[in-house]
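> The residues making up each chain are set out below.
2 protein chains.
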Amino acid sequence: MSVLPNIKVVLVEPLYSGNVGSACRAMANMGLKNLTLVAPKIVDGWEEGERLACHAKNILEQRQTVQTLPEAVADCAAVVGTTARLGLYRQHVRMPREVAPELVRIAANGNVALVFGREDKGLSNEEVSFCTHLVRIPTADTYVSLNLAQAVMVCSYELFLACDHYEEPQEKSALAPAAHRIKLMEMWRLMLLKIGYMNDEKADHMMQGFQRIFTRGAVTEDDIHILMGVARQVGWAAGKQALPPRENPTLPGNP
Amino acid sequence: MSVLPNIKVVLVEPLYSGNVGSACRAMANMGLKNLTLVAPKIVDGWEEGERLACHAKNILEQRQTVQTLPEAVADCAAVVGTTARLGLYRQHVRMPREVAPELVRIAANGNVALVFGREDKGLSNEEVSFCTHLVRIPTADTYVSLNLAQAVMVCSYELFLACDHYEEPQEKSALAPAAHRIKLMEMWRLMLLKIGYMNDEKADHMMQGFQRIFTRGAVTEDDIHILMGVARQVGWAAGKQALPPRENPTLPGNP
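Residue numbers (the working numbering), protein chains in the order written: chain A, -12 to 242; chain B, -12 to 242.
Treat the hints with care, as some may be off.
One copy or two, either will do: identical chains are not told apart, so a pair holds if it fits within one copy or between any two.
Stated by the list, open to error - EDC-like, lysine to aspartate or glutamate: derived pairs with alpha carbons at most 20 angstroms apart:
hint : residue 1 : residue 2
1    : K189      : E48
2    : K20       : D128
3    : K44       : D128
4    : K44       : D107
No lab work stands behind these hints, which were simulated from the structure alone.
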């Protein structure tokens, strides 16, 4: 059971519909659906918001609107304020990444509100006083204030990851076992000798270079098949004509 | 020494200047400065881009523009493509959070490019073939495609955090040692007895409730002073008049 439906995003007096729409898209990307606006002061109509919500227009359309922050968070066990500013009563800010696991635990038993202030001046001290948690997104010292929708993205992203819902794509081809890698090196050794890239005397040394090249990253069974195919085909092509021994064979790093 | 100056953001054929401007702001928030555009196809002029870059207009103004991706990344040891799509040659995508420490290590010795595709169709397979790393931002299955500037934010944020530059704000007041917490509980016990909130018989039991309330979160020396001040002041105020013993003293959870 996902706890994401128990998490809502609350925007206090947003000014620009584009930010609200972008916030909706960020929420949808991160599996959140519930948006509440507190006394919105939209100055530019909703067209830009609808455009930027993109495939998350349903979140924008289904938003709740209330007049005060206490109304917006009345049903929430945790109220997480976001702030870029510091001050006497904001010293206990934590990083979203640090708080996220705790918020996910709380969301299993109650509602959680992520609260974002106005574009121009954030949350007031009174609004901060309604919060049970206070987070500050890490930034460079030289520019600490994020765009509203970007702040929604970072916080939603951290909650989404803390929920552990995301399954990283897996490669379909398994990693190659040592036996296949060794067989590949044998085929390449024969091929490189056959085409005169190296001679018997230097072969052991030169093959270490290829060993390094082919095993530095992950090598899958598919990779092995591709590289064996090259060796086979070169062997076949080289069989058709006499090749001159290559002079001064070198590999970068193996002079 | 920060490695952030060795990291550049490359946007391939961006369409909307607003996304480029928002990406600049996200970069500035996360300490990045170098922006390269590959064959930009801006359809709406640069006004919106300048507006959304906000205090990061310098990044927008100092951008490089080139015609091909190979030109943009020619000087880069690591070329990190971003993709929302999966496919045969995109199976080895990893999460930005997972790759970030490796990229920071590489950036200590060479340049790193974070490459983002077009708003409408991302990076082509040929462009992906120029990449040494491929990342995919974790999302809900229902909406995997992030806004371009949001994708820049998430990747930049992960690199910034992996650099470990951010120092979390510290509370100025130290956490209170046990001796002060115990002294506080003694003062509250006396105060609560004095005002008739509880009687001697129930005091041990009821004080466990206050102990729980006051020690559930972190308690700083400042917090201790505030709460001791309350006890002192109540004691003083209560001394001025005779109080009736409170009936049926209860604490929520301690019935």
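> As a check of your reading, is K44 near D107 (CA-CA no more than 20 angstroms) within one copy, between copies, both or neither?
between (25 angstroms within a copy, 18 angstroms between copies)
> Within a copy, between copies, both or neither: where do K189 and E48 come within 20 angstroms Cα-Cα?
neither (71 angstroms within a copy, 54 angstroms between copies)
> Tell me, please, which holds for K20 and D128 at an alpha-carbon limit of 20 angstroms: within, between, both or neither?
For K20 and D128, only the inter-copy Cα distance (14 angstroms) is at most 20 angstroms; the intra-copy one is 32 angstroms.
> With 20 angstroms as the alpha-carbon cut-off, assign the pair K44 and D128 to within, between, both or neither.
Cα proximity of K44 and D128: across copies only (17 angstroms, versus 35 angstroms in one copy).
The structure shown violates just one earlier hint, number 1.
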